[in-house]
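Could you build the full structure based on these sequences and the hints that come with them?
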Amino acid sequence: MTLKIAGKTFSSRLFLGTGKFPSNEILSKALAAAETEIVTVALRRVDLDAKNEDILDAIDKKKYLVLPNTSGARDADEAVRLARLAKGMGIGNWIKLEVTPDPNYLLPDPIETLKAAEILVKEGFIVLPYINADPVLAKRLEEAGCATVMPLGSPIGSHQGIRTKEAIEIIIEQANIPVVVDAGIGAPSHAALAMEMGADAVLVNTAIAIASDPIKMAEAFKLAVMAGRKAFSVGIRGSQKTASASSPLTGFLR
Amino acid sequence: MKFIDVLNKTDFSKISSISEHASDLEVKSILSKEKITFEDYIILLSETAVNYLEEMARKAQMITQKFFGKTILLYAPIYLSNECDNSCIYCGFNQKVSGKRISLSVSEVIKEADFLYDRGFRHILLVSGEKKGIVSIAYLKEIVSTLHKKFESISIEIFPLEENEYKELFSVGVDGITIYQEVYDKEIYKKVHPAGPKSDYEFRLATPERAGRVGFYRINIGALLGLGEFQKEAACVGLHASYLRKKFWKSQISISFPRIQGSGANFKPINPISDKQLVQMLCALRLFLPQAGLVLSTRESGTFRDNLISLGTTQMSAESKTSPGGYLNCNQEGEQFNVSDKRSVEEVSQAIKLKGYEPVFKDWDKALTQS
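Protein chains in written order, with the numbering used here: chain Z, 1 to 254; chain R, 1 to 371.
It is possible that part of the hints are untrue.
[To be verified] Below, a sample of chain R positions facing chain Z; criterion: calculated Cβ distance under 7 Å:
hint: 1; residue: 32
hint: 2; residue: 34
hint: 3; residue: 65
hint: 4; residue: 66
hint: 5; residue: 67
hint: 6; residue: 69
hint: 7; residue: 120
hint: 8; residue: 356
hint: 9; residue: 358
hint: 10; residue: 364
hint: 11; residue: 367
Everything labelled a hint here was simulated from the structure, so no lab data went into it. Backbone N, C-alpha and C fix where the C-beta goes; we use that ideal spot for every residue, glycine too.
Written out as structure tokens, the structure is:
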């Protein structure tokens with residue numbers, strides 16, 4: 001029951017975002033409680049020259065894969081510049097590609113995302129793009145060489161859950177790369193649902209970061225993701241709306 | 001449509017009537033809504049809504065945490081010059097106020113900036129009076145190009161510029177602009193800005209639009225609280241912010257709450273704004289514009305600011321000096337306004353932590369703004 005991305009194996013299927021936490025200490029404890037292995041960090045928050053504590057100080061690089069993200073980028077050029085910066089800083093060559101020209105709902109720009117993905121893949125990055133739940137775009141990004149696609153359930157921080165269920169189901173059905181449901185997951189039940197649907201992983205940030213007890217909530221998400229995945233692996237029987245006939249319709253075929 | 005046309009079309013007598021007749025039932029029903037309209041916002045600014053401040057505050061806190069988390073971004077201003085051709089009767093830079101006039105050289109500005117960098121700041125705001133001969137575009141460009149190598153975010157709060165001038169500053173690394181209309185009420189505007197280029201109401205009003213067309217990442221507006229009538233000014237700020245948000249959808253719109261405090265001008269507010277009213281405006285704006293940045297300066301006292309941290313504030317200045325050269329020369333002569341919260345950045349950070357929030361010094365990267 002392991003997750004494989006770009007040749008790397010992970011036993012956790014819960015990615016964590018690191019923004020919005022009340023302190024580095026709580027962040028670091030929440031990461032441990034979630035038993036996550038992939039942690040995304042906004043490059044705009046990273047300051048290697050920080051006078052005070054930096055966000056990277058909260059993340060044990062030996063324990064977690066740091067997945068820098070390009071939050072703040074409005075177009076492909078800006079995203080590419082940030083990705084190169086991350087590489088230059090020695091954070092590695094994995095990049096969560098976020099191109100969100102609208103600062104209000106932070107919805108991703110499909111055209112610029114594809115453009116940036118094509119450039120970054122060519123430069124040797126492992127690209128994990130954040131996208132709207134658009135099955136065609138997901139295929140285009142897969143063809144461009146992305147390592148995963150990360151469709152949104154609903155806008156970032158909205159806690160509305162999986163509002164794009166039908167489209168995500170198509171993305172999962174058609175994908176040859178892992179599908180990570182990102183954004184909008186406000187409760188463990190939302191995460192469980194995504195996993196039951198067959199998502200390979202989910203990314204959670206706000207729901208844990210602003211909970212009154214982020215550490216306990218991180219653990220709740222861990223359990224929900226595991227439960228959802230287990231149920232998916234067993235196979236959830238669809239609900240039946242009609243009663244089953246007592247005498248079989250095909251009984252004559254003997 | 002330009003914002004001036006929106007403003008001219010707005011029926012302010014209807015707005016005050018809505019506000020006057022607001023009922024408890026209306027306020028309650030608005031507080032149960034997920035999204036509120038401009039009319040709802042007006043009702044939340046009414047006298048009736050004052051009785052529901054606690055509910056408003058709770059809702060404002062929840063919405064803010066969803067979008068911004070439990071974080072407060074810290075920044076510091078650098079005053080470049082207090083020379084000014086304007087005569088704003090409330091301002092310490094008013095050309096008629098006798099006081100020390102200082103304009104920093106480029107190297108003096110860099111020294112002030114270096115000081116702030118060592119104090120931990122990565123977001124800075126360049127502030128200046130209106131003296132175009134001294135604070136020229138070339139001067140600003142030279143400063144910004146140098147500071148952009150070090151600082152992650154550089155915003156300006158200077159006199160209104162032309163679009164092509166904004167373009168020049170944007171190209172060297174200015175990412176945000178702050179411009180307060182001061183007062184939306186045209187009569188009061190005329191009265192408090194009797195002379196100088198600032199007496200042109202419409203040119204100032206259209207400034208965020210000129211900046212928006214250039215593509216700044218952040219546009220910060222506000223009314224100087226204490227000049228116009230509370231409800232009307234708060235209504236205009238909300239209207240202006242929501243107009244800008246729709247028109248310049250790639251820019252983050254922020255709102256400041258500068259309240260008139262003491263300055264070298266010894267000005268008494270025309271319509272004093274109470275603490276309660278400021279909180280009401282902040283919470284109502286948060287409910288109306290869930291994703292707007294809400295900015296608090298050191299004009300307000302430390303205690304009051306600490307209490308506003310968990311109510312919807314997203315950004316605060318700290319350790320500010322409001323006179324040119326104020327960081328390195330302890331001399332406070334020539335201040336724009338008296339700083340009320342005089343605490344050090346460490347003390348402010350500690351206060352933020354005590355409220356259960358994280359003080360953030362870097363939430364942008366200069367690589368984004370590179371030209």
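Results of checking the hints against the structure:
1. For residue 32(R), the suggested interface contact is broken, since its CB lies about 17 Å from the closest CB of chain Z, more than 7 Å.
2. With 7 Å as the threshold, the beta carbon of residue 34(R) stays out of range of chain Z, its nearest partner Cβ sitting at about 10 Å, so the hint is violated.
3. Contact between residue 65(R) and chain Z, as hinted, is supported at the beta carbon level, the nearest pair being about 4 Å apart and thus within 7 Å.
4. With 7 Å as the threshold, the beta carbon of residue 66(R) comes within range of chain Z, its nearest partner Cβ sitting at about 5 Å, so the hint holds.
5. Of the supplied interface hints, the one on residue 67(R) holds, with its beta-carbon coming within about 5 Å of a beta-carbon of chain Z, less than 7 Å.
6. Annotation: interface hint on residue 69(R) holds; nearest CB of chain Z at approximately 2 Å, less than 7 Å.
7. Hint status for residue 120(R) relative to chain Z: holds, with the closest Cβ pair at about 4 Å, below 7 Å.
8. Because the beta carbon of residue 356(R) sits about 5 Å from the nearest beta carbon in chain Z, less than 7 Å, this interface hint is met.
9. Hint status for residue 358(R): holds, given a least beta-carbon distance of 5 Å to chain Z, under 7 Å.
10. Because the closest C-beta pair between residue 364(R) and chain Z is about 5 Å apart, less than 7 Å, the hint holds.
11. The beta carbon of residue 367(R) comes within 5 Å of a beta carbon in chain Z, closer than 7 Å, and the hint placing it at the interface holds.
Of the hints listed earlier, those the structure fails to meet are numbers 1 and 2, in rising order.
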